[in-house]
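Work out the full structure, taking the sequences as your base and the hints as a guide.
With the UniProt record's numbering applied, the sequence shown covers 1 to 296.
The hints are simulated quantities; they were obtained by calculation from the structure and are not laboratory data.
Check each hint, because a few of them may be wrong.
[Claimed, not checked] Taking lysine-lysine pairs in the DSS-like style, the calculated list, with each CA pair at most 30 angstroms apart, reads:
id, residue 1, residue 2
1, K232, K133
2, K57, K240
3, K57, K133
[Stated by the list, open to error] Listed next, with one range per pair, are the computed distances between beta-carbon atoms:
id, residue 1, residue 2, range
4, L191, E255, 27 to 35 angstroms
5, V262, R54, 36 to 44 angstroms
6, E270, V214, 18 to 26 angstroms
We treat Cβ as the ideally placed atom computed from N, Cα and C, and that holds for glycine.
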Amino acid sequence: METRGLWTSIAGCLAMAALGFSFAHWTHSDAIFLDGVFSLVNFIMSLVMLAVSRLIKRSADSRFPFGYASFEPAFNVLQSMVMLGVMLMALSSAIAALYEGGRSLQTGIATLYASIASTGCLLVYLLLRRIAKATGSPLLQVDAFAWLMDAILSGLVLCAFAFAWQFGELLGGWLPYVDSLLIIAMVAVMLPVPVRILYRNLMEVLLAAPALPVQRQMRRAFRDAMRDIPGKDWSLSITKIGRAVYLHARILLPEESRDVSVQQADEWRELLTGRMEEFVAEREFDVVFTTDASYI
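This is the structure:
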């Protein structure tokens with residue numbers, strides 16, 4: 001089902017890119033051209049995303065002994081950096097256009113484009129959101145949010161173009177600057193999104209701990225799972241990479257348990273793994289028993 005959502009996004013990006021470039025040619029609008037560039041970039045990144053979604057489902061092997069989960073946040077880092085690059089280039093182009101006296105714009109055709117684009121983006125967003133909720137896929141969640149931003153921005157552009165079309169005479173000498181000012185406004189609204197995605201996923205690539213609410217939930221679950229296991233103290237290291245959560249537990253046993261058998265330790269480990277299966281798979285959960293308090 002995740003693959004179906006990715007192909008939906010790919011088809012939508014290709015359609016929006018073609019629509020944007022066609023209308024940009026007719027209207028001479030840099031704002032519409034920017035929208036087309038974003039759609040083209042999203043189309044290319046969606047193809048890469050499709051390959052990543054297949055890769056992260058592969059089992060660990062000798063080359064990647066901890067699996068391929070890290071490819072997911074690594075891809076999101078790459079995608080956000082590409083988005084930032086495109087936005088900064090568009091911003092510099094818009095500022096240069098302002099200094100050159102702006103550009104002429106066919107507002108009627110631009111309004112038609114914005115109507116089609118905003119409707120199309122909203123439909124793709126609603127479909128991807130439904131699939132993302134059903135699959136729990138972080139890839140589709142990020143992609144659905146990107147389509148929502150596209151829909152909102154296209155709606156804002158629609159309002160601006162429609163106003164310029166119907167009341168252009170009120171703008172007077174400002175009319176040639178509408179296109180460049182729209183680009184600057186679009187970049188200002190969109191900029192926090194790739195920055196936030198970049199930061200969050202870069203932290204996952206660097207093996208940082210997940211958000212505090214996630215950590216608290218994991219620690220509460222582990223504390224409950226420790227019932228019937230004779231641990232004096234314990235520590236839990238948590239890291240989240242993509243959709244995988246890795247736990248490393250160190251449990252301090254009392255002196256009377258110093259000579260427990262390996263078989264007994266295995267039974268405790270299996271018991272903990274079973275109780276924590278809601279959060280992690282066995283290969284993502286390491287348990288170490290020790291009588292050395294300095295190791296905790």
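Hint by hint, here is what the structure shows:
1. K232 to K133: violated (40 angstroms)
2. K57 to K240: Between K57 and K240 the Cα gap is close to 16 angstroms, so the pair holds against 30 angstroms.
3. K57 to K133: With Cα atoms ~19 angstroms apart, K57 and K133 stay inside 30 angstroms; holds.
4. L191 to E255: 27 to 35 angstroms: Because 58 angstroms falls outside the window, the suggested range is violated.
5. V262 to R54: 36 to 44 angstroms: Roughly 38 angstroms apart at Cβ, these two residues keep to the hinted range, so it holds.
6. E270 to V214: 18 to 26 angstroms: holds (24 angstroms)
Of the numbered hints stated above, those contradicted by the structure are hints 1, 4, listed in ascending order.
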